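A.B. asks: Spelled out, the chains give:
There are 2 protein chains.
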Amino acid sequence: MATMRKHYSVSRPVYSEDSFAEDHEKVLRRRKTTLDHVKQYLTCDSKRAKNAVLSFLPIIGWIKIYRVKEWLLGDVVSGISTGLVAIMQGLAFSLLASLPPSYGLYTAFFPMLTYFFLGTSRHISVGSFPVLSLMIGAVVTRLVPEENFTDMTEMNQQRVMVASSMTFLVGIFQLAMGLLQVGFIVVYLSDTLVSGFTTAAAIHILVSQLKFILGLDVKGLSGILSLIYTLENVFGKITGTNICDLVMSIVIMVVVFVVKELNDKYKARLPVPIPIEVIMTVIACGLSYGFDFKQKFGINIVGKMVQGYEAPIAPSLDVFRESAAEAFPTAIVGFAVAFSVAKVYSIKHDYTIDGNQELIAFGVSNIFGASFRSFAASTALSRTAVQESSGGKTQVAGLISALMAMIVTMWLGFLLESLPTSVLGALVVVNLKGMLMQFREIPYLWRRDKPDCLVWVVTCLAACLLGLDFGLAVGLGIELLTVIFRTQFPRCAVLGNIPGTELYKDRKDYKNIMEPYGLKIFKIPSPIFFANIEFFKDKLIEAVGFKPLRILKKRNKALRKMRNYLDKRDTSSSERDLALGSLNIDQLHLPTDVKDLHFRMDWNADLPAHIKVPRVDIHSLILDFSTVSFIDISAVKGLKMALKEFIHIDVEVYIAACDVYVLEKLSSCTFFDNELQTSMFYPTVHDAMLHVLSKHVPEKNKDTIHAETSL
Amino acid sequence: MATMRKHYSVSRPVYSEDSFAEDHEKVLRRRKTTLDHVKQYLTCDSKRAKNAVLSFLPIIGWIKIYRVKEWLLGDVVSGISTGLVAIMQGLAFSLLASLPPSYGLYTAFFPMLTYFFLGTSRHISVGSFPVLSLMIGAVVTRLVPEENFTDMTEMNQQRVMVASSMTFLVGIFQLAMGLLQVGFIVVYLSDTLVSGFTTAAAIHILVSQLKFILGLDVKGLSGILSLIYTLENVFGKITGTNICDLVMSIVIMVVVFVVKELNDKYKARLPVPIPIEVIMTVIACGLSYGFDFKQKFGINIVGKMVQGYEAPIAPSLDVFRESAAEAFPTAIVGFAVAFSVAKVYSIKHDYTIDGNQELIAFGVSNIFGASFRSFAASTALSRTAVQESSGGKTQVAGLISALMAMIVTMWLGFLLESLPTSVLGALVVVNLKGMLMQFREIPYLWRRDKPDCLVWVVTCLAACLLGLDFGLAVGLGIELLTVIFRTQFPRCAVLGNIPGTELYKDRKDYKNIMEPYGLKIFKIPSPIFFANIEFFKDKLIEAVGFKPLRILKKRNKALRKMRNYLDKRDTSSSERDLALGSLNIDQLHLPTDVKDLHFRMDWNADLPAHIKVPRVDIHSLILDFSTVSFIDISAVKGLKMALKEFIHIDVEVYIAACDVYVLEKLSSCTFFDNELQTSMFYPTVHDAMLHVLSKHVPEKNKDTIHAETSL
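Protein chains in written order, with my numbering: chain F, 134 to 844; chain V, 134 to 844.
Because the hints were derived from the structure by calculation, they are not lab data.
Only a predicted model underlies this, so the values are computations on that prediction, with no experimental measurement involved.
Some hints here could point you the wrong way.
Each pair may be met inside one copy or between any two copies, as identical chains are not told apart.
[To be verified] Simulated crosslink set (EDC-like; lysine to aspartate or glutamate; CA at most 16 Å straight-line):
hint, residue 1, residue 2
1, 644, 158
2, 773, 806
3, 159, 639
4, 687, 785
5, 638, 156
6, 583, 324
7, 770, 667
8, 352, 365
9, 566, 394
10, 777, 700
11, 770, 574
12, 427, 151
13, 139, 156
14, 644, 156
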């Protein structure tokens with residue numbers, strides 16, 4: 134077996150980092166400074182200008198290669214199916230935003246018009262997204278509470294004003310982030326965080342739709358614990374449930390649920406999924422109109438739709454001020470969802486999307502849409518799936534779906550007037566299935582990654598109880614803390630040599646492992662920074678088994694005693710008294726100057742009986758820095774202090790396998806001085822150990838160890 | 134030269150992690166589970182019980198070894214000096230808390246009584262701390278604004294109620310944190326953060342004292358931008374400056390400043406620093422009383438002092454609710470400052486302090502003190518320095534300083550009644566020097582560590598403009614983000630072999646470096662987690678120069694074409710049509726089953742003219758994981774997907790130098806399957822490379838490379 138194996142054989146001088154640098158010439162690389170980057174960014178030539186225009190108007194890129202024959206039919210079919218879904222969702226989601234349903238149609242129309250020109254994704258369906266609608270709704274109900282109004286029209290006008298002003302602000306935030314090129318911030322919203330957050334959103338949505346499904350008249354609430362209060366209100370009035378609403382909702386939910394499952398199951402065989410939501414809406418609309426449900430059963434219907442479009446409005450600065458704290462998380466969530474959905478399809482169809490351009494596109498679309506009273510647009514996964522699966526190739530499909538919404542707004546709105554609101558509520562609820570199914574992630578995460586599980590649970594709970602915006606902030610904070618936490622208490626290890634190799638492993642892990650006498654090899658298994666430097670110092674002291682500062686103080690005290698003794702013997706010398714007098718408690722932590730003593734102290738030899746100094750049983754310490762990916766200034770300070778304490782008691786310190794950039798950082802933070810020098814750095818632990826062994830030839834087991842390590 | 138050098142020589146089989154595990158027996162170590170820790174924590178025996186009592190009442194530990202002869206004199210002298218300073222500071226800092234000065238004397242008395250029994254630090258002087266006083270003051274002025282009252286006595290009563298209730302809550306938070314053993318959270322307050330924060334506090338204090346120094350009647354403000362508004366108010370009324378106040382303040386500030394500098398300079402020669410603040414106060418008091426400044430110049434004086442003590446009060450739950458958001462940061466800041474000061478002296482005098490016990494001690498002290506109307510206690514660095522430098526050995530000194538405060542409260546308060554408030558203001562301002570000097574850290578940090586500099590500046594600005602509590606939260610957020618940021622965009626590198634060694638370095642860094650043909654060695658220089666996994670995937674694709682998924686899709690398309698071609702030639706086979714039909718776009722990203730093809734595809738050979746598939750010029754990829762200190766579940770998912778893409782286009786993937794715990798994490802997160810196996814792990818990059826080289830013996834440069842690497 135062993136003979137068949139490939140062989141690893143290396144024979145070279147022992148290198149320190151210094152001698153390695155002597156032997157191997159480095160290439161001088163000039164790193165770009167911040168100034169260079171700025172210069173480069175501001176340079177302008179015709180090619181860059183052309184690229185800038187192309188990247189700002191992605192439509193130029195794809196319209197040139199538009200294959201009318203192959204793509205147009207697909208786009209039209211897809212646009213029509215998506216349009217039907219968009220209309221339904223637009224109506225339903227405006228209930229979440231506490232707005233009259235017709236404004237949802239605006240949201241399905243206006244934002245798409247600008248996204249068509251500016252967006253880089255060819256497949257997402259721009260329009261309302263339930264979580265965003267809910268976040269808008271929270272501000273709407275807070276700023277325009279129901280109880281202040283008797284006239285519903287006036288209330289609705291004010292609400293539309295608030296919603297569109299907030300949408301305007303959301304657009305400004307998105308546009309600003311896009312122009313500042315900070316699209317990367319969505320990486321902070323990890324999958325776990327988004328999953329916990331959207332699950333909480335689903336619960337909020339579910340609770341907010343209960344009143345429509347049950348046909349109750351309950352005020353919309355927002356703020357901390359609003360979920361609990363809303364549930365309390367709903368159950369307080371539950372005896373007033375409208376049976377007609379409830380029955381209709383249940384029937385619709387069951388039918389839609391079953392047909393959706395079938396759609397999923399036979400996805401491969403169906404050319405287009407059955408548009409069951411549209412079918413049920415049409416049926417419900419017809420029944421409600423034909424049998425006059427409103428009069429007979431007293432149900433709520435959509436009512437008078439706004440016909441056509443109104444003149445643009447300017448946003449309200451007062452609303453900006455009041456809603457800024459909510460608009461920012463809304464902007465982030467809206468973009469993050471759209472971007473993650475867009476990415477899925479860009480990978481599938483192999484084209485590139487640009488995060489910053491998407492931010493600009495959504496920013497402009499929201500600003501444009503808000504001017505025409507639409508509310509915040511993003512994308513809904515379900516709608517985008519319809520657009521892509523029914524054959525949409527480009528945003529021409531999106532444009533056609535927007536035109537569908539326009540047709541309904543302009544001419545067909547009256548058909549929807551008798552639609553019961555409970556039907557819309559039921560359609561919203563039945564679409565929550567996917568989001569609520571995310572609860573299944575809890576046991577999965579618990580088994581695999583407890584900190585991640587914590588992030589999920591805390592985000593979900595915080596978003597449920599504190600509101601979506603504040604919950605997102607809390608979740609983000611916890612998520613960042615988990616990263617710190619993972620590096621804060623890592624498992625330090627004392628390493629030993631695997632005999633016959635140059636490999637070093639945790640000495641507790643292997644049966645046959647060798648630790649040279651008088652040498653400790655300590656591995657720091659994570660980056661070092663302000664939050665863990667103290668932890669490492671403690672672990673290092675635990676590993677070596679003594680506190681170097683305490684040893685130094687005891688030695689200094691012992692030296693003082695001995696000098697006193699010498700002075701008594703040799704009364705002629707008076708200058709020594711001075712040196713002794715100045716050695717007060719404040720200087721015990723500094724190394725004493727022993728040049729005036731006529732002998733060299735050997736602290737490990739037998740000392741006179743009256744002098745007690747603990748023995749130090751190591752002569753060298755090697756720190757394995759291979760896993761230290763960065764170090765910050767607090768850590769450099771702390772490390773410097775800790776290592777000096779060892780050097781002061783004559784323990785040699787070596788650092789092995791230190792990264793180039795960490796080394797640069799150390800020297801820029803004035804780590805080096807006359808005690809800490811670059812000569813203590815070695816490229817590998819083995820190099821450092823060979824150096825130590827050759828310097829301190831062990832008396833007892835010289836032969837064995839040396840033979841073993843150089844095998 | 135080279136002959137003198139020690140030699141590094143290793144000769145062993147090439148190991149993969151699997152074969153290494155076969156050859157080297159591991160020790161089975163059972164890790165403690167959370168349950169074990171809980172069990173251990175709850176175990177009780179007599180020794181543990183004794184330790185628990187000792188750690189809860191640290192006084193038992195040090196009172197036993199109290200050396201009356203050696204220590205008592207020092208403690209008494211120190212207690213008297215500290216007491217004088219504590220009285221002055223108590224009066225002055227109650228102005229910061231917007232409370233009548235006499236309550237500052239309570240703060241110098243009550244908290245010390247319990248700290249004496251519970252505290253682990255023997256040197257800190259417990260009592261008022263300017264930053265805490267200011268944070269209390271912000272809540273006091275917010276909840277009890279001046280304009281609501283005509284009767285100052287009533288206002289002051291309400292203010293004392295608010296201050297003591299908030300202090301009670303601060304105590305509850307600290308006690309709870311102590312009992313939950315979460316004292317470690319202070320590590321998140323890095324030196325940089327604390328420096329920026331206290332500098333902002335100094336600016337707040339300076340601005341808040343202007344009205345006393347100038348003798349103006351300006352309302353105390355709190356909240357966002359209160360600093361600006363206060364300055365505006367002060368400068369609006371500046372024409373009303375009381376010249377007597379201003380002159381007195383300037384004289385006191387100059388004298389105290391100069392004497393303090395002298396104290397510092399001749400520290401070694403002075404047995405006790407000159408108590409210049411006390412001297413100036415006595416002089417000012419005498420002058421003010423003798424010449425009746427209040428009547429003659431209309432200055433503000435301290436006025437009627439509360440004599441003696443009042444019965445304890447219960448805290449107000451309403452204030453709890455209103456001040457919870459501010460009480461929490463106050464609790465953290467109070468503890469963090471006291472702990473950091475205590476640590477300095479515990480290291481100097483070589484005893485241990487216990488963070489959690491300190492939290493308990495301060496919690497109990499604040500709760501106890503609040504019941505007697507004192508406000509939040511921590512320690513002031515200046516006062517503690519007096520206590521230690523004037524010879525204090527134990528908290529007996531603290532107790533004596535508390536008794537001094539009691540004497541003044543009970544019998545000597547009337548002496549202070551004619552003390553001008555401007556004197557107190559001047560004393561506060563002159564003590565800010567140290568905190569304001571921290572501005573010098575900005576250029577220092579800028580040169581050494583830009584992210585740290587950012588943390589400093591943002592914390593300071595946020596705390597100035599948004600208020601101390603909110604500023605602390607913002608600073609903390611930025612600080613955590615910098616840690617993420619440092620690991621988010623690390624410098625990835627493609628490594629090459631330094632000929633003749635087993636060392637691998639960035640191939641751009643060295644002139645003479647070797648990269649074997651067809652092999653890429655990619656180093657991931659930081660932990661991998663949700664925020665940087667996408668970045669790494671991009672960098673990896675950049676390093677290898679192609680997108681594996683795109684290659685796979687092109688190959689699959691090419692295979693389809695070829696099958697079509699084969700089918701046309703060989704019309705008899707009909708079952709292949711089925712296999713072909715199912716290969717729609719959804720499956721292009723999966724590897725095609727090529728078993729039914731009668732030849733093996735060599736994608737790098739010359740393909741038929743009509744089939745274009747980009748060539749892949751590498752056969753193996755080695756990822757150097759030595760710096761990956763942890764990996765989270767999102768990263769495992771992302772990594773798995775990325776590596777599979779390479780495997781699907783027949784690039785072999787190896788992972789080298791992976792940490793034991795990272796490996797455990799990978800297997801617990803179901804990283805391994807039939808494509809990704811443990812056999813791809815190698816203990817070092819060199820092992821992996823030797824394995825690759827032996828598998829893919831390069832035709833052209835076989836001799837050279839092999840000879841070089843096994844030198």
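A.B. asks: Please go over all the hints and tell whether each is borne out by the structure.
C.D. replies: Consistency of the hints with the structure:
1. Proximity of residue 644 and residue 158 under a CA criterion of 16 Å is satisfied inter-copy only: 6 Å between copies versus 41 Å inside one chain copy.
2. Within a single copy, residue 773 and residue 806 get their C-alpha atoms as close as 10 Å, which meets the 16 Å cut-off; across copies the closest is 45 Å, which misses it.
3. In this assembly of identical chains, residue 159 and residue 639 lie within 16 Å of each other by CA distance solely across copies; the values are 10 Å between and 33 Å within a copy.
4. Neither within a single protomer nor between protomers do residue 687 and residue 785 lie at most 16 Å apart by alpha-carbon distance, with minima of 19 Å and 59 Å respectively.
5. In this assembly of identical chains, the alpha carbons of residue 638 and residue 156 lie at most 16 Å apart only when taken from different copies (14 Å versus 29 Å within one copy).
6. In this assembly of identical chains, residue 583 and residue 324 lie within 16 Å of each other by CA distance solely inside one copy; the values are 15 Å within and 30 Å between copies.
7. Proximity of residue 770 to residue 667 under the C-alpha cut-off of 16 Å is restricted to the intra-copy arrangement: shortest distance 11 Å within a copy versus 33 Å between copies.
8. For a Cα distance limit of 16 Å, the shortest separation of residue 352 from residue 365 inside one copy, 11 Å, qualifies, whereas the shortest one across copies, 44 Å, does not.
9. Proximity of residue 566 to residue 394 under the C-alpha cut-off of 16 Å is restricted to the intra-copy arrangement: shortest distance 11 Å within a copy versus 72 Å between copies.
10. In this assembly of identical chains, residue 777 and residue 700 lie within 16 Å of each other by CA distance neither inside one copy nor across copies; the values are 30 Å within and 77 Å between.
11. In the homo-oligomer, the alpha carbons of residue 770 and residue 574 lie at most 16 Å apart only across protomers (14 Å), although the nearest pairing inside one protomer, at 43 Å, exceeds that limit.
12. With identical chains, the CA atoms of residue 427 and residue 151 are never at most 16 Å apart, being 88 Å at best within one copy and 74 Å at best between copies.
13. When the C-alpha separation of residue 139 and residue 156 is checked against a cutoff of 16 Å, the pair qualifies only between copies, where the shortest distance is 15 Å, while the shortest distance within a copy is 29 Å.
14. Taking identical chains as interchangeable, the C-alpha atoms of residue 644 and residue 156 lie at most 16 Å apart only when they sit on different chains, with a minimum of 11 Å there against 38 Å within one chain.
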